Each structure stands twice: as structure tokens, then as C-alpha cells.
Amino acid sequence: DIQLTQSPSSLSASVGDRITITCQASQDIYKSLNWYQQKPGKAPNLLIYDASILQTGVPSRFSGGGSGTNFSLTISRLQPTDFATYYCQQFDVVPITFGQGTRLDIK
Amino acid sequence: EVQLVESGGGLVEPGGSLRLSCAASGFDFGTHWMHWVRQVPGKGLVWVARIKTDGSKRNHADFAEGRFTISRDNAHSTLYLQLSGLRVDDTGVYFCAREYAHGDLDSWGQGALVTVSS
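First to last, the protein sequences are chains A and B. With the numbering used here applied, the first sequence covers 89 to 195. With the numbering used here applied, the second sequence covers 3 to 120.
Do not take every clue at face value.
To be verified - Here are the simulated lysine-lysine pairs, DSS-like style, with alpha carbons at most 27 Å apart:
(1) Lys195(A) / Lys130(A)
(2) Lys45(B) / Lys195(A)
(3) Lys127(A) / Lys195(A)
(4) Lys195(A) / Lys54(B)
(5) Lys45(B) / Lys127(A)
(6) Lys45(B) / Lys130(A)
(7) Lys195(A) / Lys59(B)
(8) Lys59(B) / Lys127(A)
(9) Lys59(B) / Lys119(A)
Hints were generated in silico from the structure; no laboratory data involved. Remember, predicted model here, so these are calculated numbers, not experimental data.
Isolated chain A (complex conformation):
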């Protein structure tokens, strides 16, 4: 199985900050990586697919990058609605796997 390791596991930041979350895959997954945001008690919401393509309706302050084994999710100018948990997910190989999540809290 492909392991996805997110870093950091938790992060405190302020409104207006720029933050980056990384996701490292245990083997080459090309660009087969998606990012999701999840708020407490809610289903996940797709933010980025194919490593860097912004899902329709997602604000442009979200961006994704990387390929192979190293990926990143950047949020520029944090807004109050961005404080949530973020997951990466690979779909290159079954079983599909998720990272362990990064919890983003307000400082």
C-alpha cells in the first residue's frame, strides 16, 4: 500500500497568514493526488485534484503543487473559514489511501 505522510500534523496560524502543508508518498504517484478540507461534523470537500488543479468553486487562495513523491497545499491569506482539517489522497494505486490529516487551528 502507498503511505502518505502529511506534515505538520497540526498547525496554528492567524487570519491573513500564508501556510503550506506537505504530503509525501512512499512511492512515485506521478500527479495522482487530491486534497480535501473537512470541518467538524461535515463530509470532506474536494479542493485540489491531479495535484494542482483547483476544483470549481474553490477560492484561488488555495493552490497545490508537486509530483512524484512530494506534494504541497498552500493557502495564502488565511480566512476564518479555512480553519479545518486537510487531507491528501492518492489514487494512483488501489488501495486508495489518505494522509493522516493536518489540523489547522486559529492562533
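Starting from the known structure of chain A, fit chain B onto it as the hints suggest.
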């Protein structure tokens, strides 16, 4: 508007069975792969299974193989997950999700809570 609505969750004893349903609407159900993902409250997301558009191909996570079965009824736009041999560590919220193109789960249900306890 795309909608996915799960049902069938509940309390079941270890070793018991349950069938989850996911009613889909607002899109052409038969043209999308569908998935189940579960989450223990307060923990991360774990992929459970997926099924091809026409039901001809399905994959299950190792922990689900032989105990859980994903299926679909395209005539009624409904996805299913049959759970059997349930264990305490199968407790969690089970989400159904639509795969839009390749691997991207763009629409999710609200989740169905399954509690396995004696």
C-alpha cells in the same frame, strides 16, 4: 444539484450485519464510479471500497475484503455497502462519495454512523 443520502446505519453487535444504502440524485448515477470511505469520529479518513460504473469491477480495502461488499443498482441510482462479520473497530461514520473523473471524490453524502458494540 448533486445529492448523496446515506441510510441504514445503527447499533449492531459484534459479528452482526448491516446494509448501508446511498441514494443518489441530481446526476447520471450510472456514469460515475462510486466509493465508500469511513471515519472513526475524531480520526482520519479511510477508503473502504469502490465500484465501476456498470458494477463489473469492484475493489475493497484489505480490512474489508471478505466481510464487506460494495454493489449498486443503476436503475434506482443507489449504492450499497453490505457489512458482515462486524467488529468493534468497524465503528465509524461511513460516507458514500462520487468519483468525478479519476480518483477525485467531488461529492459526498452526510455519512451514516455504524456502532458495533455489545
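> Which of the listed hints are broken here?
Replying inline: Result: hints 4, 7, 8 break, sorted rising.
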